[in-house]
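As you go down the protein sequences, you meet chains A, B, C and D in turn.
According to this note's numbering, the first sequence is numbered sequentially starting from 1.
According to this note's numbering, the second sequence is numbered sequentially starting from 1001.
According to this note's numbering, the third sequence is numbered sequentially starting from 2001.
According to this note's numbering, the fourth sequence is numbered sequentially starting from 3001.
Think of the hints as simulated: they come from the structure by calculation, not from any bench.
Quick reminder that beta carbons are idealized off the backbone N, C-alpha and C, glycines included.
Errors might be hidden in some of the hints.
Stated by the list, open to error - Just the calculated beta-carbon pair ranges, DEER-fashion: (1) 553(A) / 1493(B): 54 to 60 angstroms; (2) 2108(C) / 1368(B): 42 to 48 angstroms; (3) 1063(B) / 3054(D): 46 to 52 angstroms.
Stated by the list, open to error - Which chain D residues stay away from chain C? Per the calculated CB distances, all over 12 angstroms, these: (4) 3008; (5) 3009; (6) 3010; (7) 3013; (8) 3059; (9) 3061; (10) 3075; (11) 3087; (12) 3088; (13) 3098; (14) 3099.
Read off the chains here:
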Amino acid sequence: MALSVFALCGFAMALAAPFLPIWRFRAGGWLAASVPAASFAYFLTLVPRIGDGEVVTASWNWIPTLDIAFALRVDGLALLMALLVSGTGALVVLYSGAYLQGKPGLGRFMAYLFGFMGSMLGLVLAGDLITLFVFWELTSITSFLLISFETEKAEARKAATQALLVTGGGGLALLGGFALIGIEAGTYDIAEITAGGGVLAESSRYLPILVLVLAGAFTKSAQFPFHFWLPGAMAAPTPVSAYLHSATMVKAGVYLLARLHPALGDTTEWTVVLTAFGSVTMVLGAFIAVHQTDLKLILAYSTVAALGLLVLLLGIGTDLAVKAAMVFLLAHALYKGALFLAAGSIDHGTGTREIGALGGLARAMPITSAALAVGAISLAGFGPVLAFIGKEALIEAALHFDRAGEAAVLVAVVAGGALFAVAAGMMGRLLIGAERAPHRPHESPWEMLAGPVLLSVLSVVFALAPVLIAGDLVAPAAAAVAGEQVKVNLALWHGVNTALLLSLLSLAIAGGVLWGARRLRPVSARIADAAGPLRPGDLYYTSLLNLNRVARQQTRLLQHGYLRLYLAVTLATAVALVFTAITARGGVDLDNSYGDVAFYEATIAGVIIAGAGLAIRANDRLTAVAALGAVGFGVALVYAFFGAPDLALTQFLIETLTVLLFVLVFYRLPRLSDVSSVGTRVRDAALSIAAGALMTVLVLASITQTSDHTLTAYFAETSKPVAFGRNVVNVILVDFRSLDTLGEIIVLAVAALGVVAMLKLRREDSP
Amino acid sequence: MSGLVALPLVVMLASSIVALACLRYRRIQEAIALTGMVALVVAAGWLLAETWDGQILVLQAANWPAPFGITLVADLFASIMVMLAAIVGLTATMYSVGTIDADRERYGYYPLMNILVLGVCGAFLTGDLFNLYVWFEVLLVASFVIMALGGGRPQMEGALKYVALNLVSSVLFLSGVGLLYAATGTLNMADLSLRVAEAEADGYMTAVAMLFLTAFGIKAAMFPLFFWLPASYHTAPAPVAALFAGLLTKVGVYALIRVFTLIFTTDVGYTHTIILWLSVATMVTGVLGAVSHNDVKRILSFHIISQIGYMTLGLALFTPLALAGSIFYIGHHIIVKTNLFFVAGVIRRLGGTYELAHLGGLARSRPALAVLFFIPAFSLGGIPPLSGFFAKFVLVRAAADEREFVVLAFALGVGLLTLLSMTKIFVEAFLKPAPDGPPEPAAGAGFWHYTPIAGLAALTLVLGFAAEPFLSAATEAADQLMEPGRYITAVLGEPQ
Amino acid sequence: MELLLALTVGILYASGLYLLLRRSLVKVIVGLALLTNGANLLIFTAAGLVRGRPPLVEAGESVPQAPFADPVPQALILTAIVIGFGLQAFAMALAYRVYRESGSEDVDSLRTTEDPSINLPKVGTGE
Amino acid sequence: MNSLVLRNMMRFLASLLLVASVFLLWRGHNEPGGGFAGGLMAASAFVLHALALGPAGARRALRVPPLFLIATGLGTALLAALIGVIAGDPILTGHWVTLDTPGAERLKVGTPLLFDTGVYLVVVGVVLNIILPLMEDE
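Just need the whole structure built from these sequences, with the hints factored in.
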C-alpha cells in the first residue's frame, strides 16, 4: 500500500498542480518538492531490505480478461532507478520553482513535471509488462508536453512532436514485442518472464521480439540512428532537460534492456546488436559534442554518448559489465543532473548558454562553477568522482569481454578521449579567464543551487566511500540485471593497472582532439554537408515530407471528387469480388431446363428491354420518362401474369406516380446531354455489362439451388385459419412481417420530409 | 423480459411521432427529442443489464414463431451496440440544442434524428435479414435528409455523393437477400445460418457472400468503397457529423460481423482472407488520407476509415479474442470519434474555421477544452491507459496469436500515423499561438456543447482505467458470436 | 421464361448501372429507377415463377389451391417497391436542389468541396 | 373545355376514387388491395383534384396538413402495434374482435386492419406532401 502511494503520488500532484495557489510564492517550489522528497525517503527505507535480497510488491488484478495486472515490484534495479527518479525529482521541482518563479503557467509546468515523475516511477517499478508499457507511453506524452511547454516557440513545438513521434513509434514496436512475449511466455509478469531463463531466447519468435523490443528501447534511449530527437528536446526549459536527461526518460530504454536482460540477453544477436549500436552511439555522441557551442547541446550529445556506453555494457552482458553499467548509471545521473542544473543556472545568471559568449564565471558564480567543475571532471572521467569508478569498471569489463574485447576497449578509449576534450573545453572556456557575459552574471538563489551542489557532493562522496553504495544499492541492482548474484567491490584506486593506463591513453587522444578540433572543423563540416540527406535528423524530416507527399498523391488519386469514378470503382469492386468468388469456388450450377416462354411473355420482356435501351439512348427528358414508364409498366405486367396481383397493382400505381414526379421535377432541369468520350462510354458499358451478366448468371444459378418451402407452406396454412385473412400477401404485410411494413412507412414519411425540405428549405435566401 | 427487446424501438418511434406532430414548436421538439433520447438510454441500459451475463433475449414480433415471423434478438453484441447508439443519440441531441439552426429544426431535424437512431437500433436488434434491409433503409433515408438539410451547395454536393453510393449499396444488399432467399427459402438469420451451412459448396453462396461484403463494405466505408464518406461528412454541421461519424459506419461493421459470423462461415478461408486484406488496405489508405489534410473535420473523417479497418480486422482474424477486440474497438471508437467531432465543432465556434493554418492558441485561451480534446485524441492515438490502447492491444495480440506479422506491422504503423494526426491537430490548433484575427467572429460555446463533450471524455477515461468489465463483456459477446449455436437455439428453440 | 427474365434482370442492371455512371444528373436518377426495378424483378425471378395462381385463399376455403405463387417474395418486393419509391422521390428532389444550387446538372462539376488541388501549406512538418 | 364541367367531373371522379380507396383498404386482407394501394388511390384522388383545381384547392379539400396525416398514420400503426402489448403479447401481435352482424358473414375486426389503416394514412400524407409542394413550386 505504502509502495503504491509513494509510487503514484506524482499523479495526484499532477492533477492538483494547476489549481494549487502556492506557485506565486517562493515557498511553492519547496512545498511541492516535499512530495517527491517523501517518496525518496520511503525508497531509502527500502534499501536495507532490498539489499538483503527481499522484493517488495503490490499488485491488483487490473484486467483479468487479458491477464493484465497492475503490478509494482521493487528489486535492486527498480530501487536504484526509483531513488534516482524521486531524488532528482525533488531537486528539479525545487529548482523549477525558483527558475520559473513568477512565470505564467508554472502550475501547468508543475503538473507536467509531476505527471512525468509519476510515469517514470511507475515505469521503473512496474512488475508487469503492460503496466510498464502504460507508464512508458505516459512518459512519452508527458515529455511531449514538457518539451512543448513554451508553446509560442515553433522550435519547441517541432521538437516535441519529433520526440513524441520517434518515441511513440518505438513504443508501438514495443507493444508488438510485448504482445509476442505475452504469447510466448504465457504471462506479462516480469518476474516470471525473467525467471523463465532461455524460454524466450529459444522460441521461434525470438528474433521479432528482440527487434521490436530494441526498437522501443533504442528510440527511447536515443541510440543511433534515433539519437537526433534528444538534442532537439533541448527546447524545453532547463529543469526539464535535467530531468529528462540525467535520471530518467532517456534511461528508460536502458532500464528496459537491463530489465529484460535475463530473459532476452546473452544471445549472439543481443550481444552483436547492442554492442554495435552502443559503440556507434557512444563515439558519435562524443564527437558531435566536441563541435557544439551551446552548453545544453554539449550536454545533450554527451548524454547520447553516455547512453551508448550503457547499451554497450548491457550488450557485453558479463557480470563485470553489468556491474559497470549500474555504477555508471548512478554516476551519470548524478553528474549530468548537476551539469544541466548548473547550465540552467548559468543561463539564468548570464542570459546565454553560448560558451563562446561566456568566460570567467568562477568569481561571479562560485557555487555554480564549483558544481560545474565537479560535473565536468566526472564527464572527463578523471578525478575523485563516481564516474571515474564507472569508467574504470567499463574498461575492466571491456578487457574481459571475450568476443570483441579489443574493439570495445578501443571504443571506450576513443569516446572517453573525446568526452575528456569536451569537459576540458567547457571548463576552460566557462570558468577560467576574464569575465565575459551578455550581462553581469549573478549567482542563483539557493533553491537553484541545492540541486547541483547536492548532486556534485554525492558524486564525490560516493567515490571516496564507495562502500556506501556497493553492497546495498549497486549489488542488488546488478543482481537483478544479471539474473544472479554479482559480487560488487568498488574502489577509487585500484593501483596502476591496464585500465588506468588506457585511461591515460584516452587523455592523449583528448589532447589530440582538442588540438585538432578547430582544424578539423571545416573538414567535418564538409563531410556533414555531403552526408546531409542521410543524417538521421534530416532523414526524419525528409521521410515526414515524403509521407506527406505520398499521402497527398494517394488522396488525390482516390478522393478526387468525381462521383462517376467513385461509382465505377465501387461497381468494379463488386464485380471483381463476385466474379472471383464464382471462379475460385468452382463456378455455379446452371444445368437446368428453364421452362417455355409464352408469346405474350416474350412481348412483355421485349417491352422492358426496349424501355431500358431507350432510357440509355434518350437525350431528351420526355423520352427518358417514357422509357422508364415502359419498363415500370412492363414489370407490373410480369407481376400480373405470374400470380402477383397485389404487386401488379402497387407497381402500376407507383409507376404512375413516379412518372408524374419525373414530369414535375424534370421539366425544370436542362436538356440531357452526355459529353463523355467514347472511351469512357466503352469502359462504363463494359463494366455495366459485366455486372449485368453476373446478375443474370446468379439468377439462373439460384433456380438450381435446392430451396425449401417451409415458410410458404406455413403462411398458406395459417393465413386464413389463424390470421383471418385470405390474401396471403397482405397478411404477411400486416401481420406476419408487419415490422417490415412499419419500417417501410417510416421510410416513406422521412422521404416526404426530405422532399419538402429540398424544395422549400431557405428558399428565400437562394437565388 | 423478452418484450424489452422492442422497447428501444418503441421509445424512438413514439418520440419521433410526437416530435413530428410538434414540428412548429422548436422548444417542444427539442424537449421531446431530449426526453426520447434519455428514455432510450434507460431502455438500452435495462436491455444491457438483462443480457450482460450472456443471456440472449428473443422476441417474436407479432407473436409468430421463428422462422415465420420477424424475430428481434438481443444478444450481448446487439445490446452493447444499442447502448452505444443511445449514448451517441443523447449527446448529439444535446449538442444540437446548442447548435442547430431554426431552418433545420423547422424541416424536421429532431424527428429525423430520432428516426435515424430508431433505424440504427432496429438494425442492431433484428434477427431477420430482410428486416435488416428495411432498418438500413430507415436509417439511410433519415441520414440522407439530415445530410441534405443544410441546403447549400457544399451540402448538396456531399449529399448527392452520399446518396448515390449508398443507394448502390442498398441495391446490392437487396439483390443479395433475394438470391439468398431463392437458395434457402428463409430470411430468419438463425435459420439462414443452418441452411447456408447445408447448401452446396459451389460458387453460388460465396458469390452471394461477396455481394453482402460489398454492400456492407460500402456502408462501413471499407477500401475501396469509402469514397462517399470523405466526400460528405465534412459538409455537415458538427452534431450531424458526430452522429454519423460515431454511429453510421459502425452499423455497416455490425452487419458485416453479424453476417460473417452467423451466416457465411462455411468458406472462412476464402471470405475472411479477403476481408483481412481489405481491412489492411482500409487502415492504410484511411490514415494516409488523414495525413494529407489540414482541416480538422477532414482529418477526423479519414481517420474513421482507417479505424474501420481495425474493426473489420478483428472479424477477418476470426478468433474469439480478435472479435472481442473488434467489439471493444467499436465501443471505444464510437465514443471517442463522436466526441472529437463535437470538439471540432467547438474549435470551429471559437476559432471560426476548421483549417489548422488559421487556428491556434486554444490551449491558452481554453485550457479546459484542450484537456477535453486531449483525452479523446490521444485515446484515438492509442495512448494507454485510455480506451484506444486496449482496443488496439487486443487486436495486436490477436494478430500476433495468428502469426499475421505483416498485418501486425501495418496495424502498428497505422497507429503511429494516427498519433501523428492527433498531435498535428493538438499542436496546430491548441499549442501554436493564435494567428492574427480569426477569419470569422467566434460564436462561443456553452453548456449544451461542453456537457456532452465532458460526458464522453469521462466515458473514455472509464473505458480505459476500468476496462475490465467492458473487455469481459466484449469477450462474452465475441464468444456468443463465435458459437452461433447459442444464438440459433435462442431464436429457433432446441433442435429437434 | 426464367432464362428470358434472368436476361431481362441482367439488362436492367446493366442499363441502370451504365446510366448511373453518366455525367448527367437526370440520367443518374433514371439509372437508379432502372436498378430498383431490376432488383425487384431479380427477387421475383430468383424465388421461382408460377403462372397465374395468386396466393389467395378462395372464400370458404382455408388454404390456397396449389400450385400458387410464393407469397413471401411478393411481400418483400412490395415493401421494396414502396421503399424504392420513397428513395426515388427524395433522390429526384435532391437532384433538383443540386441543380438549383449549382446551376449545373453535370455531376463532374460538383467537386468544389473535394478538389484536391485546393490545399493549404503543409502543417506539422515544421515547414 | 368548360371549366365548370371539368371541375364537377373532377370532383365526382375524386370522390369516386376516395370511396374506392377505402374499399381497397377494407378488402385488402382478403383480396388484392390493402392499405398501401388504397392510400395511393386516395392520394391520387387529391392529386387529380389538384391538377384540375390547383394545389391550394386540394389542400383545402384535405382540411389537415399532409404532415399531420403522416404523423397520425404512424401513430395509428404504433397504436396497433402496442395493443397486443397491453395483453402481454409481443408488439404487433394481432388481436381480433368478432362483430356479429346478422345475415352476413361474421365480421372480424382486428389490429392488423388498424395497422393497415395507419399505412393508408401515411401513404396519403406522404404522396400529397411530395406532390403538392412540387406543384406549388414554380
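Just pull the numbers of the violated hints for me, sorted ascending.
Of the numbered hints given earlier, the structure breaks none, since each of them holds.
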